[in-house]
Amino acid sequence: MARKQRDVLSVEWVKLELLRTAYATRGGLFTVFDPRVVIGWYLVFAVVPWLTHNITVLAALFAATAVAVGLCRVGPLVLGLFAFGLVTETVYLFAVAWFFDGDLHTVAALVTLSLKLGIVALASMAAFVSLDPEKLSDALVSMKAPPLLSFGVSYGYRMLPIIMDEFHTIVDGYRLRSAPMERKGFLAWRVPVHIGLTLVRSFYPMMLNTAKRTRTTVEALETRGFTFAGESAKGRDIRLAYLRMRPRDLALLAVTAILIAGAFAAGELNPLFARDF
Amino acid sequence: MDDVIAAAGLAFRYPGAAEPTLKGVDLRIARGDFTAVIGGNGSGKTTLCKAFNGLIPHFWSGEFSGEVTVDGVDTLDASVAALSHRVGYVYQDFGNQLVRPSVREDVAFGPVNFGLADHRERSESAMRLLGIDHLARKYVWELSGGQQHLTALAGVLAMDPAVIVVDEPVAELDPARAEETYRMLKRVNKERGTTIVVIEHHAEFIARYARSVVLMSAGTVRWHLPVREALGRGEELAEHGIPAPQIIAATARLIPETDVPLTVAEAAQGIREAGLEPGAPVPEPVTQPPGPVIARLSGVSHGYRDVHSEVSTVLDDVDLALCEGERIALVGSNGAGKSTLLRLLTGLNVPRKGTVEVDGIDTRSVKPARLADRVCYLYQHPEQMFLNDSVRQEIAMFPTQRRRPDAESIVEDVLDRLRLTEFADRDGRTLSGGQQRRTTLGIGLAMAPALLLLDEPTASLDTATRNDVIAMLAALAERIRCVVVATHDMQLVAEWATRVLVLGKARVLADTTPAGLFGDAELCERVNLVPPQISVLGRELGMHPPPLSVDAFTAAFAPALAGGR
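Chains R and L are the protein sequences, given in the same order.
Numbering of the first sequence is given in our numbering, commencing with residue 158 and proceeding in unit increments.
Numbering of the second sequence is given in our numbering, commencing with residue 96 and proceeding in unit increments.
Keep in mind that a hint or two might mislead.
To be verified - Cβ pair distances, simulated, as ranges:
{"id": "1", "chain 1": "R", "residue 1": "L344", "chain 2": "L", "residue 2": "G455", "range": "45 to 55 Å"}
{"id": "2", "chain 1": "L", "residue 1": "A570", "chain 2": "R", "residue 2": "L306", "range": "46 to 56 Å"}
{"id": "3", "chain 1": "R", "residue 1": "R403", "chain 2": "L", "residue 2": "E286", "range": "38 to 48 Å"}
{"id": "4", "chain 1": "L", "residue 1": "P654", "chain 2": "R", "residue 2": "R160", "range": "53 to 63 Å"}
{"id": "5", "chain 1": "L", "residue 1": "N429", "chain 2": "R", "residue 2": "E339", "range": "34 to 44 Å"}
{"id": "6", "chain 1": "R", "residue 1": "R403", "chain 2": "L", "residue 2": "S527", "range": "31 to 41 Å"}
{"id": "7", "chain 1": "R", "residue 1": "G184", "chain 2": "L", "residue 2": "N429", "range": "48 to 58 Å"}
{"id": "8", "chain 1": "L", "residue 1": "A566", "chain 2": "R", "residue 2": "G353", "range": "36 to 46 Å"}
{"id": "9", "chain 1": "R", "residue 1": "L306", "chain 2": "L", "residue 2": "D121", "range": "41 to 51 Å"}
{"id": "10", "chain 1": "L", "residue 1": "K600", "chain 2": "R", "residue 2": "L344", "range": "24 to 34 Å"}
It should be emphasised that the hints constitute simulated quantities derived from the structure, not laboratory data.
Every residue gets a Cβ at the ideal spot worked out from N, C-alpha and C, and that includes glycine.
Go ahead and model the full structure; you've got the sequences and the hints to work with.
Now the structure itself:
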């Protein structure tokens, strides 16, 4: 079997996909809005699904967030993981319902839950794919989150490429230096075991190598006034000066309100209650 | 002239350390000076510089005595935050100093934290001064090493400090980028009058940029002298692991009485004025005909997909044959495709077009783990190769996992050869840079490959350790059929290689010998390589082929000296 250069489904691809997602390099619908409004939008869709059992409403909300995900150009990795989760969960639900002698009612009740979780997941994908780390941490600061939290978020993003690089190097080290598999075993069961073991063994060296780098970071933070900024409000005001609500932000809020009202209206007209079966 | 830094009786012991790291340092650095701090590993250079910005004693609490005044402020009374308006620090691992995602945000981080209203002007003017204003919107992980270094420097410069400390800029940068950093430091020094303190191993940079030199040894300042006088003390420097620049060593042998030359032009002039001329050129040694081919690349093209989904071309239609008995140096600026070529030879990547064959095996047909029986690849950063808990396990990993019958004796032999027996049970990550490098060489040796690939084996080592590694590479030759080294270290190229491949513009720009490369000024210029000073001096004096070492240079003058006396 001849190997070839793979541009998808390789460690390199996962790394690039994570970076594209985290740093919003694809652009997309929400990048032009005030980050606080985007977080607000997300919170609305994270809360509203829990206020109803009406499958019609939930389906409408699901459709709305799915459209948002499309407009926000969410990448294939995240979307693929989501679809994989949704499909396996559905299969699992039917299997469990069937196994425990359930009927359509049971399935409907379980579908309600799946839909709710799906809506929240879709909304968070749409919102966070569109927020680069700068905007996200500034929005958190302006919403009076503790400075350590907002910095932690932005530093987490900063660490992401570093951790991915370390990980890639170490996995390559294993690929070169550990013994190749002699046999693949029945149904190639040894392959996932081998990959799994490598991943687990990579964790410790990866964390050590990453941790070693942070010592400089901690010193640099101290000399660059991070502690000082925690105690003074001036830096905060400067950092947030650019955040401003514009008409388009208000428009987004209005559209969101209309969509949700519409979903509930549709649910009123054409109710499909999970509990009424 | 007023002193911007004054230390008196400074002593410091890290908590838990048996010995103090600094013992009674007395030092005065004049405002506007460009000072180089030199000294062997562990002489206290970095600790001294961290005492300037208050990290010692405020952040690293330990036993502190004596007095340090920076820009008129006693560091013991001031906080680290207050001192950061006066002293800026650029770390050796500068990449970890960048804490914000984008360049502009990172440069403005300091001024914004301190609530300075003119933060925008400060960061813009710092970026402009360093010529990186076009990068403002980039994310820091998109930058090359040199750009990251300048970003870290801009972040420090935006605070407009009186002193900037830069810790070993050459360690992690290729020489052309390090040169750029030094030019920028000189500009800052000149335009803003900022005092610059660099920690530096490379005497050539010191000769060209510094005005005074501080020699540290065993936690004290040996002396602080003007640069010409300092570099004239060749023997004393060599004792502390800093060899004098090649041109100084050469002129000291030919014309001992003259002033120490700081540039090649000065050295050439001095030698000409003394009436010395090189003798007839030594004929180039007859090169051995190359042995059988170990690895072959035919029509290889490769590239990577970036975050914006564009495929870059790193190698374009490259044909190469690497033969038995060759010591090959792979040179070219960062991003020229050196590492890509090495990765293709290991089979970690397979080419998008063309074929790579190692020992007759197409790399597409087997997994890298199989190919590893024939090829070994040693990373640039040794600690990234450490996957186990001790040096012995690292070296044993390959032979034992592959059930080599004599695994145990291989490991003992390798430990012994590389003088690692005494560290055999320690974790590789806790060793010094030189010991770590030896450990990785041990990993390679235990794999007993036909083809050994090394990425920057001499980067960030002090001179003594570096020479040690070069000697070891020479000794490996008897066991390994072909060695390829990717490097920026032109002295390594001159002293070790038998063949040089210059990569650039996705192609092999030249396939030559070290003398062939350094004798061709136009080629060096075109591929942005700085030959060893001794070769440049030789060329200046009309020697062809140019000398590759100080010994070869002075040998050429033997007839002239004999005739003169």
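Outcome of the hint check:
{"no.": "1", "hint": "R:L344 / L:G455: 45 to 55 Å", "result": "violated (34 Å)"}
{"no.": "2", "hint": "L:A570 / R:L306: 46 to 56 Å", "result": "holds (55 Å)"}
{"no.": "3", "hint": "R:R403 / L:E286: 38 to 48 Å", "result": "holds (40 Å)"}
{"no.": "4", "hint": "L:P654 / R:R160: 53 to 63 Å", "result": "holds (60 Å)"}
{"no.": "5", "hint": "L:N429 / R:E339: 34 to 44 Å", "result": "holds (40 Å)"}
{"no.": "6", "hint": "R:R403 / L:S527: 31 to 41 Å", "result": "violated (57 Å)"}
{"no.": "7", "hint": "R:G184 / L:N429: 48 to 58 Å", "result": "violated (29 Å)"}
{"no.": "8", "hint": "L:A566 / R:G353: 36 to 46 Å", "result": "holds (43 Å)"}
{"no.": "9", "hint": "R:L306 / L:D121: 41 to 51 Å", "result": "holds (46 Å)"}
{"no.": "10", "hint": "L:K600 / R:L344: 24 to 34 Å", "result": "violated (49 Å)"}
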